[in-house]
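> Take a look at the letters that make up each chain.
Number of protein chains: 2
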Amino acid sequence: MAKSHALTSNMGVDYVLVYRFATTASKDKAKATARFEELVQRLASVGLATEVRNGENHSLLVFARVASEEHMYGEIYRSRVKDWIHGVRPAQPAKEVRISLEQEPLTEAERFRIIYQLITNPQSEGGAGITPKKGEWENIESVFALHDHVYNKEWIKKWSTQWLLTPEDFDDIRNRLGEKIAFYFAFTQSYFTFLLFPAGMGLFSWLFLGHFSSIYAFATSLWCIVFVEYWKHQEHDLSIRWGVRGVSSIETKRHEFKPATETTDPITGEKIQIYPDLQRLQRQALQVPFAIACVLVLGTLIATCFGIEVFISEVYDGPGKSLLVFLPTVILTTVMPLLSGMLTTAATRLTDYENYGTESQYERALTSKIFILNFITSYLPVFLTAFVYVPFGSLIVPYLDIFSLTVRPFAESEKQLKAPSPAQFTINPARLRKQVIYFTVTAQIVGFAMEVIVPYLKRQGFIKIKQMQSNRAKKAGGIAPSAAAEDPPEEKEFLARVRSEAELDVYDVYADLREMVIQYGYLALFSVVWPLVPVSFLVNNWVELRADAVKICVEMQRPTPWRADTIGPWLDALSFLTWLGSITMAALVYLFSNDGLGPDGVPSDIKGWGLLLSILFSEHIHLGARWAVAHAISKIDSPGRQKARRDRYITREKYYKESLDQTHRLPPISEKAEEITRSGLEEEARQGSLNTANPEDKFWGRQRNWREAAQIGKGLIERAVPDEKEMAAEKKQL
Amino acid sequence: MAKSHALTSNMGVDYVLVYRFATTASKDKAKATARFEELVQRLASVGLATEVRNGENHSLLVFARVASEEHMYGEIYRSRVKDWIHGVRPAQPAKEVRISLEQEPLTEAERFRIIYQLITNPQSEGGAGITPKKGEWENIESVFALHDHVYNKEWIKKWSTQWLLTPEDFDDIRNRLGEKIAFYFAFTQSYFTFLLFPAGMGLFSWLFLGHFSSIYAFATSLWCIVFVEYWKHQEHDLSIRWGVRGVSSIETKRHEFKPATETTDPITGEKIQIYPDLQRLQRQALQVPFAIACVLVLGTLIATCFGIEVFISEVYDGPGKSLLVFLPTVILTTVMPLLSGMLTTAATRLTDYENYGTESQYERALTSKIFILNFITSYLPVFLTAFVYVPFGSLIVPYLDIFSLTVRPFAESEKQLKAPSPAQFTINPARLRKQVIYFTVTAQIVGFAMEVIVPYLKRQGFIKIKQMQSNRAKKAGGIAPSAAAEDPPEEKEFLARVRSEAELDVYDVYADLREMVIQYGYLALFSVVWPLVPVSFLVNNWVELRADAVKICVEMQRPTPWRADTIGPWLDALSFLTWLGSITMAALVYLFSNDGLGPDGVPSDIKGWGLLLSILFSEHIHLGARWAVAHAISKIDSPGRQKARRDRYITREKYYKESLDQTHRLPPISEKAEEITRSGLEEEARQGSLNTANPEDKFWGRQRNWREAAQIGKGLIERAVPDEKEMAAEKKQL
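So the protein sequences, as listed, match chains A and B. If you're matching positions, the first sequence starts at 117 in the numbering used here and goes up one per residue. If you're matching positions, the second sequence starts at 117 in the numbering used here and goes up one per residue.
Simulated from the structure, these hints should not be mistaken for lab results. Among the hints, erroneous ones may be present.
To be verified - Listed next, the in silico EDC-like pairs over lysine to aspartate or glutamate satisfying Cα-Cα at most 16 Å (straight line):
hint	chain 1	residue 1	chain 2	residue 2
1	A	K274	A	E254
2	B	K198	B	E367
3	A	K582	A	D287
4	B	K582	B	E172
5	A	K830	B	E154
6	B	K773	A	E241
7	B	K830	A	E602
8	A	K770	B	E386
9	A	K574	A	D621
10	B	K198	A	E769
As the list claims (entries may be wrong) - Per label pair, the in silico range of CB-to-CB distance:
hint	chain 1	residue 1	chain 2	residue 2	range
11	A	K723	B	F503	18 to 28 Å
12	A	K369	B	Q239	44 to 54 Å
13	A	K369	B	M566	52 to 62 Å
14	B	A210	A	D763	20 to 30 Å
15	A	T368	B	Q239	46 to 56 Å
16	A	D763	B	K249	34 to 44 Å
17	A	G724	B	K249	19 to 29 Å
18	A	K759	B	R768	17 to 27 Å
19	B	F503	A	L412	38 to 48 Å
20	B	Q239	A	K759	25 to 35 Å
21	A	G724	B	I737	45 to 55 Å
22	A	R480	B	L222	39 to 49 Å
23	B	T309	A	K387	30 to 40 Å
Said to hold, decoys possible - Pulled a few chain A residues facing chain B out of the computed Cβ check, cut under 10 Å:
hint	residue
24	L397
25	W725
26	F815
For each residue, glycine too, the CB sits at the ideal point set by N, CA and C.
Can you make the complete structure from the sequences, with help from the hints?
Laid out in structure tokens, this is it:
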């Protein structure tokens, strides 16, 4: 029973802070103590009660929960006012937070977000100013909420038995984990549903249309456009449904931003921190050498491995071939993660150096760099095969001679190494298909294993090792007592759980999104090579959605619920890939239209103008279709849009009524006019005597009200309009 | 003196309504009288005083001026509230209109706009509901304000002596004639300034770089992108400067809109008029046959004339050649205006039929159709020469034989008519240049004459004829008395002026804008053919700007001042032309790179892949450059943006202060914590006795405040962090 209690109850803890007081870098006890004291004091000062327990590896676990609601209410109010000012909420929030909360109760996600902000916001804005891992608070290793295991269990159970997820399921995630994660799941689900059509099309095409079907390419490309545009529409709708439309325009300042100058606005007196755009541009210019370096480094690696592989599998015919074919794979799997890790670090450093003022700018800049890296590692091999190996193979392969150096030790006779003449050499037409199948099936499964299963096994292994170590230490009477040694018995299991959660990774929703976007890329760019690609993805993503849920629940700390109204910069990546797909699909269809064999390594077989014309056509059809699809989709109504329209209408109506009230107070004019008529005679007399009146007064004095004007007008009409007879007479005269 | 008074004074008249009581269609006196009575009554009911005078040709002139300011104030208030709700003004306008007016005095343009709205707005919204030329008010021929001749004279004098116009000049126009017209002038001025660079570049290129310089093409195309993007930036800035940012999102309902169904929103109770988008799409689909018809009709005409011209000037060698060369020009100048008039009418009908709900949608749809028409008539001839005649001439010209039928009567011998064999025939390389020069110099001058000088002469002629007619009528003792016959002597000259202004045309700012955009098209699309194009435009536009000012003052009724925050749909046309320019410029440079002669009529000389590759490159450079330029320009600050930012900051700051007030009212927590400490002992005792407390209370009971937590934490740190010595010992052990 105790165990189930430890799993079901979080002891009312809102957040756990892990304070690592001794690191390899610093072991200053006095400083650590003073800092810790400040930590708990600061937490107390924003109305958070704290409890301290021992943590693993020279750390303390600080449990915090809301004790005084006033501070939290203040934070809620500030957050809601901010939303209102930025147009996220239609109306000003009620001044009294309790009333505001009654009107709109806090969701769990909002509550956790607010408390997190209470802990991390600067003191000047009413927070505790504790910035985990940054600046003076680098000892705070993490700030996380505890998992709600009851909910998690239900969540996974529900999803694993449900074929399709409904919007209500995402509402649920949004209420628990915040909009940012909910958007990821909603996007993946939307992508999954969208895959149904290409999957059906692909199956049909695979069965009946044969290789490199232009029909499949056209239908899929068009559907990709529909998907991206429809997702934009859906995103908009979801953001209204979740009341977060516009939150991405609320800019969060980066703590790390280093302004070059700080000035005061002469009129508002606002302090402005400036970092000149030109200076930043200079720093951003480093992106060009960076991108070139990425292409060179990763490109060389990929091209080399590619060359070795082609050489070994298609040129080389010596001993050890069965082993040597694995050589490139070994090189790739060992060197590639190393290199891309290094380049990712370089990208992060570069983005740091670019010194962005807001979080969103920083995120966008970093994402674009990461996307370039992923683009190269994911798609370059296929590009090489499709657009270098196949068309130019017969020219290039003879030069692969140099690789004979690599395999010379294994060669028995010179003959085995002799490069074939272009005439001898034939392209392996299955290579491209095999590669695409590798990336879209094998790599997906491997990726899934690396993401979910391996970390799980690793963790289990670690726990085992730790237990063994502590057992050994106990036997040996080691000096470092276990962190759990002093736990009160009734808290033992709870604290053990917290300690294990403290060691989990932080969930990065963008990594999962990136995975989806890269996967989408294969579909948009190359799926015409092997039309079963979407079928594979369909199966994969059904599992992926559930696996990610499990991952969040089991392998990650409970994520801090952030808000978002979009999947952010990845949307641009989607558009880019869709556009690029219109080019690659056309080029592939054109190049391989001869029965799927391609130009067979002889570039002179390709008609340059034909290739370019297909690309040109396809791209412009793409641009036109995108415009048309976006236009058509913008006409689609949705519950979210209806809600937004209704809110707007109500606000407008309210103000209009007020303004119309004003005008209704005016007396009806026609009565007034008659009054004037009654007093008209005297007026006339006076007017007549005023011979000295200026021409303007005279002009306006001739008809004193609308009745007189109407009379005069009637007279003029009477005289002017000729009778039918007169007109006939006039006609005769002419 | 009387004359100058008639010119300088408008007698305090705000608007003149021309009521035509007898038309060829209806001559019902009673009905006309009743309608007229309603007219003056309605005007009176919104606080407008009226005076009636005789007009020309069975019409009455109704003079209106504001008598009761309450109605106008109501209208001002409503307009300002509307602006505020739509986010055009940052803050709610003062409830008391007089205060609001003190804070922001009415400009003349705003006053005239408000009065116009007072006259035309539906009665339900507090207006008089008089819709000129529409529905039951089709007898109201026009509603116009009188020219301010003093200001007009100054305006023209100032501009004709000033080399460059300043933003203050446009402010002045904005205050007088409204933002819509001010935007036209600002745009033309901006375009004029922008032309300086291409003009310089063109002159340099003409002198030193020779024909079809790729350097010129690249520089000009890039500069075109800069211009369009910079204009967007400037437009934004001007709209803030003039306080109209966002007015285009205030949607004006079209009176002509015929809803298919009318429903009531179940929640708001708002009446919604619906015309289903799908139904409209069906009607919009008619645009496709319409566009095809335009291309066919105008294209056939142009191609025929083109063929005849080529035939006569380059193939035919018979008598009458010197006269016959004018044949195509004669056909074009007679048939073309007729056809394009008919097609314009068809476009308007089609747009009416498409049944748009708002004015802006209608305008956009009509503009795009008009643009297509203008595109064909303006650019098709050059396209034909550059991309049909020059590359395929030798194949096509022999077929021009059929035109020999046209000229057969003039031919003396069969020999003169014999079509040349492809080998004999040579392309006239000067044709393209001549054509471009015609369109960019001759046609501009002719257009200027047609626009400004001819109407002036026409009007003068009309006036003469009318005088002669009336003189003759007087002599003959005709039945229809002159309109001026009963004018009081002191009003005679004033009324004569009003009558002549009543007969002037209504100024259509979009027609002038269209002219500029079409002119820009020649620059963006073809200027590489003859690099002096921008020089010609530079001169032309200096005159054009001033001539348009004269046109508005002399040949048009004073325009009703409308608001706008953009040049509207023409901006899209500019972007489109710039994009298309990236294709045509590249194609022209590639085709004519052989010393400016082009492929000389032999299509096999053209390398398809070369042409397509240059187009592909150029277009993608264009797309990339546009993105980069837009990004760079978005970084440029401007006074308008600064103002907007400041306004926003002030509003935010105000609300933030309010919200921070709330949180400051909370007692500082640290003191509170100490209070708890003091009462801690009793608490502890009580807590101890509660053995039955649940684990949660127990958990949180161990440390009752931050000081205790800090103490416990200190203890844990003390015990956990090993001394250096111990660590060394530990190391040895391992």
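> Next, verify each hint and record whether it holds.
Okay, the hints, checked on the actual structure:
Pair hint A/K274 plus A/E254 does not hold up; C-alpha atoms about 39 Å apart against a cutoff of 16 Å. For a cut-off of 16 Å, the pair hint linking B/K198 to B/E367 stands: about 11 Å separates their Cα positions. Pair hint A/K582 plus A/D287 does not hold up; C-alpha atoms about 40 Å apart against a cutoff of 16 Å. For the proposed pair B/K582 and B/E172, the alpha carbon gap of about 11 Å is at most 16 Å, so the pair holds.
With a C-alpha separation of about 12 Å, the suggested pair A/K830 and B/E154 falls inside the 16 Å cut-off, and the hint holds. Restraint check: the Cα-Cα separation between B/K773 and A/E241 comes to about 11 Å, which is no more than 16 Å; the hinted pair holds. The hinted pair formed by B/K830 and A/E602 meets the criterion: a straight-line CA distance of about 15 Å does not exceed 16 Å. For the suggested pair A/K770 and B/E386, the alpha carbons sit about 12 Å apart, so the restraint of at most 16 Å is met.
Note on A/K574 and A/D621: the hinted pairing holds, with a Cα-Cα distance of about 13 Å set against a maximum of 16 Å. Under the criterion of a C-alpha separation no larger than 16 Å, the hint pairing B/K198 with A/E769 is consistent with the structure, at around 10 Å. For A/K723 and B/F503, the Cβ-Cβ distance of about 21 Å falls inside the hinted range of 18 to 28 Å, so the restraint holds. Hint check: A/K369 to B/Q239, Cβ distance near 53 Å, so the stated range 44 to 54 Å holds.
Between A/K369 and B/M566, the C-beta spacing of about 59 Å keeps the proposed range 52 to 62 Å intact. Separation of B/A210 from A/D763 is about 26 Å and conforms to the stated range, judged on CB atoms against 20 to 30 Å. For the pair A/T368 and B/Q239, the beta carbons lie near 51 Å from each other, so the given range of 46 to 56 Å is met. Between A/D763 and B/K249 the Cβ separation comes to about 38 Å, which falls inside the hinted range of 34 to 44 Å.
Between A/G724 and B/K249 the CB atoms are about 59 Å apart, so this pair departs from the stated range of 19 to 29 Å. A C-beta distance of roughly 26 Å is found between A/K759 and B/R768, which places it inside the suggested range of 17 to 27 Å. Here the CB-CB span from B/F503 to A/L412 is close to 41 Å, well matched to the stated 38 to 48 Å. At roughly 33 Å, the beta carbons of B/Q239 and A/K759 sit within the given window of 25 to 35 Å.
For A/G724 and B/I737, the hinted distance range of 45 to 55 Å is not satisfied, since their beta carbons lie about 19 Å from each other. For the pair A/R480 and B/L222, the supplied restraint of 39 to 49 Å holds, since their beta-carbon distance comes to about 45 Å. Checked against the hint of 30 to 40 Å, the pair B/T309 and A/K387 passes, with Cβ atoms roughly 37 Å apart. Checking A/L397 against chain B: minimum C-beta separation of about 8 Å stays under 10 Å; hint holds.
Annotation: A/W725 was flagged as interfacial toward chain B, and the flag holds, the nearest CB pair being 3 Å apart, inside 10 Å. Hint on A/F815 holds. Least Cβ distance to chain B is approximately 5 Å, under the 10 Å limit.
Checked against the numbered hints listed earlier, the structure breaks hints 1, 3, 17 and 21; every other hint is satisfied.
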